[in-house]
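Generate coordinates for the entire structure from the input sequences, incorporating the hints supplied.
There are 2 protein chains.
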Amino acid sequence: MTTCHPIYLDCDTGIDDALALAYLLASPLASVVGIGTVSGNVSAAVGARNTLDLLDLAGAADVPVALGAHDPLAGSFHGGAPWVHGSNGVGEVELPASGASLAAESAAEMLVRLARLYPGELRVAAIGPLTNLAQALRLEPLLPSLVESVTVMGGAALAPGNITPVAAANIWHDPEAAALVLAADWDVTLVPLDVTMASVLEETHRQSLLASSAPVPRALGETLGYYFRFYEGIYGRPCSTMHDPLAAALAVGAVKTALAPVVRAAVDTSDGPGRGQTACDMRGLYAGYPPVGGARCRVVRSLEDDFAPHLMETLLSPVVEPAEFEPAWVR
Amino acid sequence: MTTCHPIYLDCDTGIDDALALAYLLASPLASVVGIGTVSGNVSAAVGARNTLDLLDLAGAADVPVALGAHDPLAGSFHGGAPWVHGSNGVGEVELPASGASLAAESAAEMLVRLARLYPGELRVAAIGPLTNLAQALRLEPLLPSLVESVTVMGGAALAPGNITPVAAANIWHDPEAAALVLAADWDVTLVPLDVTMASVLEETHRQSLLASSAPVPRALGETLGYYFRFYEGIYGRPCSTMHDPLAAALAVGAVKTALAPVVRAAVDTSDGPGRGQTACDMRGLYAGYPPVGGARCRVVRSLEDDFAPHLMETLLSPVVEPAEFEPAWVR
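In the order they appear, the protein sequences are chains A and B. If you count by the working numbering, then the first sequence holds residues 1 to 331, one letter each, in order. If you count by the working numbering, then the second sequence holds residues 1 to 331, one letter each, in order.
Hints were generated in silico from the structure; no laboratory data involved. Ideal Cβ placement from N, Cα and C applies to all residues, glycine included. The reader is advised that the hints may include incorrect statements.
[Stated by the list, open to error] Computed spacing ranges between beta-carbons, pair by pair:
hint, chain 1, residue 1, chain 2, residue 2, range
1, B, 253, A, 287, 30 to 38 angstroms
2, B, 271, A, 70, 48 to 56 angstroms
3, A, 211, B, 204, 34 to 42 angstroms
4, A, 142, B, 271, 31 to 39 angstroms
5, B, 74, A, 28, 36 to 44 angstroms
[As the list claims (entries may be wrong)] Not the full set, but computed from the structure, chain B residues with beta-carbon under 8 angstroms of chain A:
hint, residue
6, 158
7, 236
8, 273
9, 286
10, 312
[Stated by the list, open to error] Residues from chain A shown here face chain B by an in silico Cβ test under 7 angstroms; the list is partial:
hint, residue
11, 281
12, 282
13, 293
Here it is as structure tokens:
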């Protein structure tokens with residue numbers, strides 16, 4: 001018996017968001033009960049379109065998708081990262097268009113509704129900027145006591161940033177929202193570049209996806225071609241990180257961390273060169289991170305095992321029909 | 001034949017500054033031609049007092065010492081770090097009082113004078129806040145073309161800060177000065193916490209200093225008792241880093257670096273949580289730091305060899321009388 005967790009996924013789909021979504025749909029530990037989109041890699045609207053198309057391709061068109069915030073809490077959407085994800089967010093691959101519609105509620109409203117529906121059980125996997133989560137905290141101040149945990153892909157603790165020397169994209173796109181999310185009184189895990197940049201998918205993995213008989217792995221393999229070309233400029237060879245699927249796997253408890261200290265973390269919302277940085281207080285490093293007062297943010301720095309084999313195994317596993325799926329939280 | 005370099009030392013003496021000073025006086029690669037003090041670990045005046053006393057103890061009372069800036073470029077001196085260095089800066093050890101006087105010039109004036117005296121040859125080792133160097137840049141805009149190199153102990157590239165989660169003390173004490181120094185067009189090397197926190201002096205080393213028949217190593221061993229107690233809270237055992245002597249050794253070329261990429265570096269002078277951070281652009285990490293346009297700051301991340309044996313050997317070597325010493329730069 002494994003426990004299956006109800007998951008709310010907040011995403012900006014995105015090539016690695018697509019990997020995370022496919023991973024969660026295939027994982028026996030997860031039941032995706034709702035998805036909200038936010039502007040980041042692409043606009044919230046384009047991300048929603050990609051999410052609907054991917055769900056349809058996966059035979060999971062019944063998973064509700066809510067449109068979330070187009071603009072960050074302060075300022076306006078920066079226009080995404082077409083040089084990383086392609087102009088359509090999925091590496092210029094044309095996915096079959098889903099006929100499904102978006103939910104009538106906003107992403108923040110969906111998160112609040114699901115948190116009330118599954119009190120103490122909902123796990124939030126946030127793999128885009130944190131605007132929707134911040135809005136949900138405003139809608140329902142009791143949200144932190146309603147959700148089981150929040151896992152955020154973002155930040156850079158002792159690793160370089162990716163959008164500035166010190167800031168990671170998901171935080172930099174909406175530092176004000178990230179500051180609210182990291183300050184809220186919930187069980188929050190940060191999955192920063194420290195660990196995601198060390199988790200690499202190689203060309204052999206991509207070829208395995210392309211060789212699959214199932215449509216979702218094949219589509220992922222195709223979109224990864226674009227992503228690999230971007231990361232060739234970073235790593236010097238065609239490959240990619242697994243930012244978002246790693247955060248998804250950590251959210252459902254499918255992978256073990258080797259080092260994940262609980263530290264104080266603050267988001268830089270200044271207009272200085274530190275804007276968007278997650279200033280994690282890692283000063284306990286030299287003594288094995290002894291407990292410190294006020295520390296509440298778990299920062300994943302390393303994993304027990306390489307993530308790629310688990311991701312590949314899950315993505316290439318026989319599809320579990322959503323209808324056959326009985327989550328443990330169904331009473 | 002080894003080349004002996006004329007060195008201007010800018011310091012805030014300080015227990016590890018004392019180690020750096022003793023190291024430079026004992027090194028056959030260095031001829032200390034002038035010393036300026038600045039507020040940091042202690043006030044500039046207390047640092048000058050300690051420097052004169054140490055020089056006298058080392059039989060080097062002829063090395064000129066100039067008082068430098070008491071206050072940073074913006075704001076005022078924070079009061080030092082008595083919990084690290086003791087209220088007198090040398091771990092509450094009473095050094096024999098020197099009868100020597102301070103130079104009539106300021107530290108910035110001394111640096112400019114020495115740079116003109118040894119054009120293209122002077123090496124600057126800056127192991128305190130960078131106020132004096134910034135003032136010297138204002139006094140003599142051609143300073144960058146006059147000095148051979150500048151080696152700065154400070155910053156944190158991919159390591160935690162020590163005075164805030166992201167800032168190292170020497171930079172945080174005067175970020176505006178550090179910004180000017182890192183922006184100037186000279187050969188600048190940053191010796192950050194990344195490498196200094198990995199260079200540790202143990203209790204056995206301290207005992208060797210205490211067992212010396214020479215007064216300087218014995219005094220250093222005594223002062224280190226206080227420093228070790230502070231660092232016991234950081235490392236979980238009595239020991240200490242070698243921040244300043246490591247920067248001094250790198251300044252004279254006595255130790256080899258294993259990894260020292262040349263990157264873009266900016267100092268955070270905002271009032272946000274990043275204030276005092278050296279935002280080094282380490283994004284080339286994953287491809288072995290390929291050359292990037294505009295990169296001018298060498299950031300030492302690791303050494304070829306453990307620094308402690310070299311430091312100990314130099315500190316415990318027979319004293320070379322300054323008078324017997326003929327630097328290569330004497331024409």
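Take a look at whether the Cβ-Cβ distance between residue 142 of chain A and residue 271 of chain B falls inside 31 to 39 angstroms.
Given about 33 angstroms between the Cβ atoms, the range holds.
Quick one, is the residue 286 of chain B hint okay against chain A at 8 angstroms, beta carbons?
This interface hint holds because 5 angstroms falls under the 8 angstroms limit.
Per the hint of 30 to 38 angstroms, is the separation of the Cβ atoms of residue 253 of chain B and residue 287 of chain A within bounds?
holds (33 angstroms)
For the hint on residue 282 of chain A, just tell me whether its beta-carbon gets within less than 7 angstroms of chain B.
holds (4 angstroms)
Interface hint status, residue 273 of chain B versus chain A (Cβ within 8 angstroms):
With a closest approach of 5 angstroms, the residue 273 of chain B hint holds.
Minimum beta-carbon distance criterion (7 angstroms), residue 293 of chain A to chain B:
Violated - the Cβ of residue 293 of chain A stays beyond 7 angstroms from chain B, reaching only about 14 angstroms at its closest.
Interface restraint verdict for residue 281 of chain A against chain B (beta-carbon cut-off 7 angstroms):
Hint holds; residue 281 of chain A Cβ to chain B Cβ min 4 angstroms, cut 7 angstroms.
So does residue 271 of chain B sit 48 to 56 angstroms from residue 70 of chain A, Cβ to Cβ?
Because 30 angstroms falls outside the window, the suggested range is violated.
Is the gap between the beta carbons of residue 74 of chain B and residue 28 of chain A within 36 to 44 angstroms?
violated (58 angstroms)
Against chain A, with CB atoms and a cut of 8 angstroms, does the hint on residue 236 of chain B hold up?
Holds: closest Cβ of chain A sits about 4 angstroms from residue 236 of chain B, inside 8 angstroms.
Is the interface hint satisfied for residue 158 of chain B? The criterion is a beta-carbon contact with chain A at less than 8 angstroms.
Hint holds; residue 158 of chain B Cβ to chain A Cβ min 5 angstroms, cut 8 angstroms.
Does the Cβ distance between residue 211 of chain A and residue 204 of chain B fall inside 34 to 42 angstroms?
violated (59 angstroms)
The structure shown violates the earlier hints numbered 2, 3, 5, 10 and 13.
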